[in-house]
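Asks: Here the protein sequences come in this chain order: A and B. By this note's numbering, the letter at position 258 of the first sequence is numbered 1466, and the numbering carries on one by one without gaps. By this note's numbering, the letter at position 294 of the second sequence is numbered 1502, and the numbering carries on one by one without gaps.
Careful: at least some of the hints might be erroneous.
If chains are identical, the list can't say which one is meant, so a pair holds when it fits in one copy or spans any two.
[As the list claims (entries may be wrong)] Computed cross-link-like contacts, DSBU-like style, restricted to lysine-lysine with a CA-CA straight-line distance of at most 35 Å: (1) Lys1330 / Lys1437; (2) Lys1272 / Lys1525; (3) Lys1456 / Lys1242; (4) Lys1330 / Lys1412; (5) Lys1563 / Lys1371; (6) Lys1347 / Lys1357.
If you're looking for bench data, these hints aren't it; they were derived computationally from the structure. Just so we're clear, the structure is a prediction, and the values are computed from it rather than from any experiment.
Here's the letter readout for the chains.
There are 2 protein chains.
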Amino acid sequence: MTKQILDPWGSINVKDYNLAMKQFGISDLGNLHKNLPLKHHYFSRGIIFGHKDFNKITESIKNKKPFVMITGLMPSGILHIGHKIVVDTIIHLQKLGAECYITVADIEAYLTRNISREQARKTAIDQYLTNYIALGLKKKKTKFYFQSKGSTEYNNLSKYVAKKTTFNELKSIYGDLTPQKITSAFTQVADILHPQLKENGGPKPVVVPVGLDQLPHINLARDIASRFKELKLIQPSALFNKLLPGLKGGKMSSSDPISHIALTDPPKTVENKIRKYAFSGGKETLKEHREKGGNPDIDISYQWLTYFEESDEKLKKIHDDYKSGKLLTSELKQILIDKLNKFLKNHQKNREKAKKQVSKFLN
Amino acid sequence: MTKQILDPWGSINVKDYNLAMKQFGISDLGNLHKNLPLKHHYFSRGIIFGHKDFNKITESIKNKKPFVMITGLMPSGILHIGHKIVVDTIIHLQKLGAECYITVADIEAYLTRNISREQARKTAIDQYLTNYIALGLKKKKTKFYFQSKGSTEYNNLSKYVAKKTTFNELKSIYGDLTPQKITSAFTQVADILHPQLKENGGPKPVVVPVGLDQLPHINLARDIASRFKELKLIQPSALFNKLLPGLKGGKMSSSDPISHIALTDPPKTVENKIRKYAFSGGKETLKEHREKGGNPDIDISYQWLTYFEESDEKLKKIHDDYKSGKLLTSELKQILIDKLNKFLKNHQKNREKAKKQVSKFLN
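Take these sequences, add in the hints, and give me the full structure.
Replies: Written out as structure tokens, the structure reads:
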């Protein structure tokens, strides 16, 4: 088995999460989430499928000890429905007691995507922060910061990191290296580790909810944490979620509008996109579908509903009816359209309210 | 001709400065210094032998326009007599009107020499700053700063640098790379370029007085400056001085006490070191020396006097008398001993006064 290299700056399309877990040393979430005081279907349905050291966090929650959730956002383009998974996870962790650090990766955006700081700021606020608030993020215990506005010790940490790794390690983690990638990686490692600096209250458990594509940064941050004897850092934990597949199947992408639903898409657009592009697991003819049933495992509308339909009961009925042929593709699509448009209508209202709260998050 | 790679973190022993100038694209200083309103024998004797774009600085001086001198210090070990050459140059440039930036490379010291920030701070103040003041550095228009205490925009610049270079360029400049070297280099480039940031008054000529070993950083900073179209930076200038040779010949080193005279050495130590170790260009017997004369070109005591004896007339007489055999090695050494001990006695007194001024330079 040749080692697969994950490129956090490239694209990823994971076909087999079980294989990926083995390959990248990610632990199965198992029963770890079962004793949490709040439930979420992302956990129970294996959408959050794996972790590293998440037991440090469940222990903190159990013992009412402080812990941190940190997440980074790349301020490019629009926020789409796929991003919602991480945001929901962030907000769930906040409800579970996490102090939340939200990093705008504007240094990385400049280095790897040539996005100016001004543009990054605008996108981070209009697209990301506003939507995060609309989705339920609370100001209390939340630090929303820009990489380009980090503290002196945060900046120093992003340089000290260089002492705790080697070129060979960086190459084995990231594959091809460029100066931009190295500086971006060191900045991300500083992001993940700096909540444990003295100025932020010292060592404590930290969890990073991420897609698998961000694993390289997690691994590097964990290895470096263990080598920073002088800072007594706790190795950060991670939660890995399955990426929402694109409408047509394959990867969902910000730059490909027909692969996603944007959080600002109007109802008619949502309906058209799903009707026209959502990859179907239904049969070719009505007759064949009624006889043999559809395949929910490959049907994107059904796959999306596993993320967005909170009720296990309803979801099971949809699954069984589709599989038996009772539910047609057009009907399944309508369920998804209704579900999403109901959410989006509500979300648009929340967005308007959220706009008034944005300034509270910015200092 | 294979390209020689200068290692700013290693050692260097330049045998032929003319060859080095050709090889590294350094211009002969020529008459560029002749119209300066203040003279210095380092210029007239070719101790400052070469430059890049120093005409930008002479123009600024001529037109009474602002310009900056920036220099970095590695806060390791003691300050020795070889360091004095750069300090004298700094102070000369200050007298010529430069705004002076003095960088304590404590990030680099940690990354490349494992020196803690606390130790770096102590050394920078006790050894460097105190001696700089004793040698004549004035507070007015001087910014003495630590890399670890740099402003946010300075830190951002040290990261943005990554976008303006490539691995191949870094390899061709520095040879073998390590993450530490890359981060150190980017930090040094930010040091050299940040006096031109908006927060520091915007683009202006900047000169860096250095030994040849620091050329790689100069070249990288100049190339990157020219690529930062958005910042409209002026390519920094540089002055290159010949390194004072070690007492025994070869390289002078902080870590080898018999290669140098420390600025804290007592008179007896100075006398002993020079008598015992200073490489002599004299003949083996008194008789032979009187007949054939000594060789000032290889005699370290004479070489040192070209740096420390300000009077051209006195220096010429010493040269001619030694060459003719009139002046014996022991007499030549005595001239150097007297010269240095007179300077050091005065310097020690100035050091005591300087200690009281140190706090003015620290904020």
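Asks: All hints are to be evaluated individually against the structure, with a verdict given for each.
Replies: Here is what the structure says about each hint:
1. Lys1330 / Lys1437: between (39 Å within a copy, 23 Å between copies)
2. Lys1272 / Lys1525: neither (38 Å within a copy, 84 Å between copies)
3. Lys1456 / Lys1242: Within. Shortest intra-copy distance 34 Å satisfies the 35 Å Cα cut-off; inter-copy 74 Å does not.
4. Lys1330 / Lys1412: Both ways: Lys1330 and Lys1412 sit 32 Å apart in one copy and 31 Å across, limit 35 Å.
5. Lys1563 / Lys1371: Between copies, since 34 Å is at most 35 Å while 42 Å is not.
6. Lys1347 / Lys1357: both (19 Å within a copy, 30 Å between copies)
Going down the numbered hints, you'll see the structure goes against just number 2.
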